[in-house]
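Novice: We have chain A already, so just place chains B, C, D and E on it with the hints.
Residue numbers (the working numbering), protein chains in the order written: chain A, 1 to 118; chain B, 119 to 354; chain C, 355 to 440; chain D, 441 to 551; chain E, 552 to 639.
These are calculated hints, taken from the structure and not from any lab test.
Note that the structure is predicted; figures quoted are calculated from it, not measured.
Keep in mind that the hints are not guaranteed to be accurate.
Stated by the list, open to error - Covered by chain E, per the in silico footprint, the following chain A stretches (three or more residues, Cβ under 8 Å):
#1 28 to 37
#2 42 to 53
#3 60 to 70
#4 89 to 100
Every residue, glycine too, gets a C-beta built ideally from N, C-alpha and C.
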Amino acid sequence: MTTLAMTTGFVLILIGLYGALTNRNLLRMIVGFTIADTGVHIVLVAVGALPGRTAPILDAAVPPAEALARIVDPIPQALVLTAIVIGLGVTALMLAYAYRLFVRRGTLDIAKMTELKW
Amino acid sequence: MIRRLFVVLLLAVLGGLFLALQLGYVPDAQLNQTAAYYAEHGAGELGAANLVTAIIVTYRGLDTLGEVTVLFLATTIIGLVLATGRATISSESRRTQVSELLTTGSRLLAPPIMLLGVYVFINGHLTPGGGFQGGAILASSALLLLLAEPLRDFSHSLIATVEALSGSIYVLLGLFGLVFAGGFLDNRFLPLGTFGELFSAGAIPLIYSLIGLKVGAEFSSVLVHLSATDTTEEQP
Amino acid sequence: MIDLLILLAALLVSVAFVLALYRFFKGPSAADRVVAFDTLTIVSITGIALIALLNERGIYLDVALVYALLSFLGVITIARYLENGL
Amino acid sequence: MPELIGSLMLVGGAVFLLLGGVGLIRMPDVLNRIQAGAKAVTLGTLFTLIGIALMRPEWALKLVLIALFILFTNPLSAQVLARAAHRLGGATDAKLTTVDRLAEDTAKAQQ
Amino acid sequence: MNAILLLLTALLCVAMLVTAVTAIMVNSTPIAILAAGLISLLASVVFVLLAAPDVAMTEAAIGSGLTTFLFFFVLARVRAGSEDGGEL
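Same shape as in the complex, but just chain A (with noise of 0.2 Å):
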C-alpha cells in the first residue's frame, strides 16, 4: 500500500513537470505545477506511514501506553500540513502575477513574452 502511493506520487511528480515545461499558457502550467505539488505531498505522507499502523492521534482507540507500537510517524505530516498551505499561498501568488501579465500584455501565451530571451 505504502510502495503503490509513492510509486503514484512520483509518478505525478513527473507528469505535472512535464505539463509545466511543454504548455505554453501561462494557466496551464500553474496547473502542471500543482500537479507536481501534489505527487510531492503523496510521497512525503507515504515516506513516513509504516505499515499496519494507524493515525498519530490517541484515543479511546489508542490510549497512549501504546502509542510507541501503533501510530504512523508524525513529522512528515506536520511538514505536509503546512507545506499545503504555503501551496496554496505560492499557488494564488503566480495567479495574480500571470493575471498581471495579462493586463498588461493581453496574453498568456510564454512564448510572447520574451524580454528575457537572449
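Specialist: For chains B, C, D and E alone, coordinates are given in the frame of chain A:
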C-alpha cells in the same frame, strides 16, 4: 521540437533518480528516534492527544511562526500586485444573475461552515484538524458568500484587524511561554488539565485558534482582493 | 457474514466510482464532466466512511465531515464560470 | 443483530450508488444525468451512513451530521449546475423534452 | 480486511494517474483545472488510507474550494478580455 526532446531527457534523468530511490526504499519497522520521543512523551509532556498538533504548535512552533510569516508576505504581495491592476479589461461582459436558490442557500449554509471551521480549530488538539484547516474552512464560507453575491462589500479593515490582532497575540503568547515556562511558544504556562478534554493541553487550543483566525483572514483577503479586480459598474 | 457484506459493499462502491470516472473522462460536454465530479466526491464520502469502519477509527469521519460541507463549493464555482457568472 | 441490519443497509446503499453510476453512463443528456448523479447517489450515501451508524452506535452523531450536510449541499450544487447547463444550451435532447418552464419564464421576464 | 484497503488504494492511484495525464493532454483549459481539482480530492482519500487524517482534511478544505475558485476566477477574467485560453 528540440525543446521537447530536452524536457523528456530531463524527466528521464529525474525518473531514473526516483526509480533508484523507490527500489532502495525499505519501510521502517519501528519509529525513528525523534518520532519515538514524540510518541512516548508527547501526550504526557504537553497533554495533546493529536501529536501532529503538538509538533506543529509546540515542538516545531518556531517553524510555524515562520510559515505564518511567509503566508502573510504572500498575501501582502498579492494585495500590492492587484491593487495597481484596477483599471481592467475593456470588454467586460455582463454577469449572469445568481439564482435565488443559491442566494438563499448560501445565507443558510455560510454560518454552519463558519461554525465547522471554529469547531475544527478549537478541537485541534483532540481530533484531526487545527488552525490551518479551520482557517481554510472559514475562508471557504467567505468564498460561498462571494459566489452568491459577487458585488458584496467585504470589510477590508475588519479582515486586516483580525489578522493583525491574532498575529500579535500569537507572538505575545509565545513570549509568555518564554517568561513563565520552558521556552518560546511553550504551552505549559497554562495548566495542562485532564488528558482528552476540551480545556486541556495548556495554551495549545488558544494558540491554534489564533493561527486559525489569522490564516482564515489571510485567505479571505486573497479572495476579496482577487474578486475586487474589476471595478467597472455592473448592471443590476 | 458481516465481513463478506462489507466486502460486497466496497466492491459495489468501487464499481460506482469507476463508472463515474468513465463519465468524467468521456463526457462530451463540460457539464457532463462536472456532474461526474460531483458524483465522485459524494462516492468518496462513502469511501472514507468505509475506511474508518475498516480501520476502527472514528476520528477519520472528521475528514468526511469537511468533505461533505465543502466539496460542493468547487461544483458551484465551475457552474458559475460556465454560465458567465464569475 | 443491529450489526447485521447495518451491514445489509450498507450493501443496499452501495447498490444505490452503483445504480447512480449506471445512470450516469446510460442517461441520454446532461439534465437526466444530473438526476441520476444527484438523487440516486444522495440516497445511497444516506443509506450507507445510516448502516454504519447502526454498526457503530458511538459514531452516530457525526454520521448524522454528515448526512445532514449532504442533504443541504447536494441539491444546491445540482440545481446551480442544472441551471448553468440549461443556459449553456444543448443540455437536453430536443426529441425527448417537450416542456421547458425555465425558458418560458426567462422569455416572459425579458418582455 | 486489508485486501479491501489495498484494492481501494490501487483504484485511487490508477484514477489519479489517468486524471493527471488528462489534465496535461486535454485541449481545453477549464477541464484541465477541473482534473487538477479532482486529483487533489482523490489525494485526500489516499491520505486517509495512509493514516494521515490531518493532511487529508487540509487537502479537502483547500483543494476542493479555494484552489478551484482562484483558477476559475483568473480564467473568467482572461476569457472576458480575449479569445485565447477560455474556450470550452
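Novice: Run every hint past the structure and note whether it holds.
Specialist: Evaluated hints:
{"no.": "1", "hint": "28 to 37", "result": "holds (count 6)"}
{"no.": "2", "hint": "42 to 53", "result": "holds (count 6)"}
{"no.": "3", "hint": "60 to 70", "result": "violated (count 0)"}
{"no.": "4", "hint": "89 to 100", "result": "holds (count 5)"}
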